[in-house]
Amino acid sequence: MTSPNRPRSFQEIILRLQNYWAAQGCAVLQPYDMEVGAGTFHPATTLRALGGKSWAAAYVQPSRRPTDGRYGENPNRLQHYYQYQVIIKPSPPDLQELYLGSLKAIGLDPMIHDVRFVEDDWESPTLGAWGLGWEVWCDGMEVSQFTYFQQVGGHDCRPVSGELTYGLERLAMYVLGVEHVMDMPFNDPDSPIPLSYGDIFRQTEREYSRWNFDQADTEMLFQHFKDAEAECARILAADETDSAGRRIPMAHPAYDQCIKASHIFNLLDARGVISVTERQAYIGRVRTLAKACADLFMTTEAAGNAA
Amino acid sequence: MPDLLIELFSEEIPARMQARAREDLKKLMTDGLVEAGLTYGSAGAFSTPRRLTLTIEGLSANSPTTREERKGPRTDAPDAALEGFLRSTGLSKDQLEARDDKKGQVWFATLTKPGRAAAEIVAEVLDRTIRDFPWAKSMRWGAGNLRWVRPLHSILCILTDEAGANVVPLEIEGIATGNTTRGHRFMAPDAFTVSGFDDYAAKLRRARVMLDPAEREAAIRQEAESLAFARGWEIVPDDGLMAEVAGLVEWPVPLMGVIEDRFLDLPPEVLQTSMKEHQKFFSARNPKTGRIEGFVTIANIDTPDDGATILAGNQRVLAARLSDAAFFYENDLREAKAGMDHWAEGLKSVTFHNKLGSQADRIARIAALAREIAPLVGADPNQAEEAARIAKLDLRSAMVGEFPELQGTMGRYYALAAGKPEAVADAARDHYSPLGPSDEVPTAPVSVAVALADKIDTLTGFWAIDEKPTGSKDPFALRRAALGVIRLVLQSEKSLPVSDMTLKPIIDHVVSKSVRENEFLSYAKSIPVPDDLKLKIAKFSLEAESLSKALDQLASDRDEGILSDRAIKISMDLLSFLHDRLKVYLRDQGIRHDIIDAVLAQPGNDDLVLVVSRATALNDMLKTEDGKNLTQGLKRAGNILGQAEEKDGVEYSFGADVKFAETDEERALFAALDTAEPAIRQAVAAEDFPAAMSAIAALRGPIDAFFEAVQVNTDSQVLRRNRLNLLSRIREAGRQIADFTRIEG
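Those sequence lines, one after another, are chains A and B.
Every letter in the first sequence is one number past the one before it in the numbering used here, and letter 156, counting from 1, is 156.
So the numbering used here is basically just the index in the second sequence, starting at one, shifted up by 1000.
Hints are not guaranteed to be accurate.
Below are the BS3-like pairs computed for lysine-lysine, each with C-alpha atoms no more than 30 Å apart in a straight line [claimed, not checked]:
| id | chain 1 | residue 1 | chain 2 | residue 2 |
| --- | --- | --- | --- | --- |
| 1 | B | K1583 | A | K104 |
| 2 | B | K1473 | B | K1337 |
| 3 | A | K291 | B | K1137 |
| 4 | A | K104 | B | K1280 |
| 5 | B | K1276 | A | K104 |
| 6 | B | K1203 | B | K1027 |
Examples of chain A residues toward chain B, derived with CB under 10 Å [claimed, not checked]:
| id | residue |
| --- | --- |
| 7 | P75 |
| 8 | L98 |
| 9 | V118 |
| 10 | L195 |
| 11 | S196 |
Rather than coming from a laboratory, the hints here were simulated on the basis of the structure.
The beta-carbon is built from N, C-alpha and C at its ideal position, and this holds for glycine as well.
The following block holds chain A by itself, in its conformation from the complex (with noise of 0.2 Å):
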């Protein structure tokens, strides 16, 4: 890791895979500007891993894992932190080359490293998805999720999306051999004002972690939830035609309200008010409204079903 192709920070390291995608012909997308578990809920991913149009999209999406903050002090766990998403429909036969094209240009060196596709079929029972592929490994560490998505909210994906998902946080230390997250520079340590990790997030790791577990109202969290869920099913119930005649199905919107029930129950989780048996029913209804609106988008044009 002593090569002069080193990245020297983390936000090098996203600029390089943001560079890298672009190259590839990727369009390169803005996070989503809603609170989601991973960046596979950017309807980049989900909605658009459905239908038969051609797709490529890459972008950075902060997630949040309410349960998984630490106060900032666990050097790898974060309640908040960063993926990167590539997504490319159809998936295109070099995609593992492709894959390692992009860990090249972040600094790792297949011929050095030893890189490994580990069998890691991933699955998400909140969407109703679920795929085929690995975890890939470097030097025994998992970096990256590499899936071929099969079904996405109930319906099969025809063609098949290929789905590379890197933790960024977790990549970027070994990149830059740093031990704890905090420690890591997330500017180019010799700029005027060289900012680490820690110094943009462990304030925000401790608020959020007592207000995750402690704090939360739960009351209103479960009242957010019914709302959710109640608007998701009024948009996706709506009728199709506007007022002026035009048909608008609202599948986005609705989709949105889905997004947010599915944040809402991870906050619950993490509070630890839902029990065993309830996570289930919780997970159930969630699947239910993502089914619904993978079903609505399934219709619309971008889906390549416009009526």
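Chain A is already provided as a structure; the job is to place chain B on it using the hints.
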């Protein structure tokens, strides 16, 4: 005779699927070729993460020409019949032959099917094999419809004979067969052509691919051991891990690392499990200290720095993992030293089964049961109860949360940290055993008591709620639990009648609140009112104190008779399930099923130790000449007696008198029975079955001689009755030992 080489080159095949895939490829291809009329000399299948390969030597170049004769209509049949025949055979009239048949002249057709070239058949069979390949899980990719385990990139398929190699032409969903493949993903990624299997294997080796998984395993083993040896260590053998790792690399490069001192105090099981599960490392043990001090990781590449970067990376990841483990362990030890009360409290909210309550409920039952079983197996009741109370607490520990397979193992460490005696701590580790037919059976009395209580609670609980194994479905592993009970009881060599151990727990389960509440709930659900209302009624009623009082009342008086009948029925049913498992177990030990049936038909069949020693002794005796003949004699006596009893409508059981004996043989049988009967009785009472067997075997000569010389059914009613009563003494002697009518042959 050409040779066939096939390689299916894909993205990385899951390691655990490769062995099965090799077998399937070989079987589907060879079966298909043979079915199409080809023969072959030998076949071999290989795999790496990226390829499945099949080599077939000595394949016939063509399938043979076949001739088939078909009989048609009579020559004087209507034209329509002849036309139909011509259509079905595809021949013209002048190609038919008229032959004389029994009923006149008949048309005959000779159909000749020319043989087909091997290439044509191979292409057909390969196409089918790829499309119907039985992957446990398969997928589509890109815009195609083909399914494979991961995207399939190329198909190599060549037939090679003296004249050279020829590609077998075939195209599947845009992938055309060829004669090229690729080497190692990073070290030799370019395509190259091959001309046959030997050429293929040699070129792959140059391209840094070891084709044969067995060779990769051998290479890993040898190199790992020599790396360990150089430090005076030894590799902890692990066949499962070996097969997996060999399926993850094309070019194995073992690298050895050292575990940092700060982690060496972790229990060796933790080190081993963490390294294996997360990292797929082999553990290296220092035989002098008995500790795990190093690891071997298997890389897939030779690097210019001899793996230094790879090893450093692995070491870093391991340190992060072990820091987590050490953190868990320290926290767990603190909880253990504080008495583990939090864990016990926590198990109250962990459901074991919705009809059988929480883990805490279950532990309370097992503790009570262990206390009762303890004296029977020579354990101290207080220790057995205490052991049962703490044995499952580690389920709440952070370490077991991370590594469920360490349940019990951690329990022992935490029990010791909590200051519990060794016997109690050992029971925490061993009470899950035996887990399988070859797993070791605990012998320490406290462990045996808790292990039995654990399994009996499981069996009786699921029997009480009528959740029994059916066919191949056994989600709660009840067959395994039953075998565990059997092996524990047999190993203890103690008289532990099964019903004595199961009846009380069954009654407790049947009258337990959770079971009855559940019954009430299902009853409530059956009432014809809307669903949500039903549930409200049920919930409300359950909360009402009056209901639980009513339930208690039900349990105590009015239903007492019904409940005890039900408990007895469940208990008998469970006993017969245990008998079935025992039969399977004994059959594996080489004891015939009819012998087991003959013994199980005897009273005392819920004492498994007794059943097994009877069956073993009987099995041994029936292997001897005396034993076989004696069985014949006993059965003959039984048959004659049975027929007479049916005809006369009476049971002959008493009153044979030697003074009515006419012949020496008859008198000799009286004498032999006089000697044998008390001997058998005493031997059986002393549970000395070999002695009982030799006592009854002594009857063989007199019985044979008696049947030789004496006719039982004579005209004299007095003599006949006396002889039938004599036969009943034989039958009775046999019954002391087993139900001989069930013995076959």
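We went through each hint and held it up to the structure:
For the hint pairing K1583 of chain B with K104 of chain A, the CA-to-CA distance comes to about 62 Å; that exceeds 30 Å, so the pair is violated. Taking the CA atoms of K1473 of chain B and K1337 of chain B, the gap is near 41 Å; set against the 30 Å cutoff, the hint is violated. With a C-alpha separation of about 23 Å, the suggested pair K291 of chain A and K1137 of chain B falls inside the 30 Å cut-off, and the hint holds. A hinted pair counts as satisfied when its Cα atoms are at most 30 Å apart, and K104 of chain A with K1280 of chain B qualifies at roughly 25 Å.
Pair hint K1276 of chain B plus K104 of chain A holds up; C-alpha atoms about 28 Å apart against a cutoff of 30 Å. Taking the CA atoms of K1203 of chain B and K1027 of chain B, the gap is about 26 Å. The hint holds against a cut of 30 Å. Checking P75 of chain A against chain B by beta carbon gives a least distance of about 7 Å; that is within 10 Å, so the hint holds. Against a cut-off of 10 Å between C-beta atoms, the interface hint on L98 of chain A is violated, since the closest Cβ of chain B lies about 13 Å away.
The beta carbon of V118 of chain A comes within 7 Å of a beta carbon in chain B, closer than 10 Å, and the hint placing it at the interface holds. For L195 of chain A, the interface hint is violated, since its Cβ never comes within 10 Å of a Cβ in chain B; the closest pair sits about 24 Å apart. Hint on S196 of chain A is violated. Least Cβ distance to chain B is approximately 19 Å, over the 10 Å limit.
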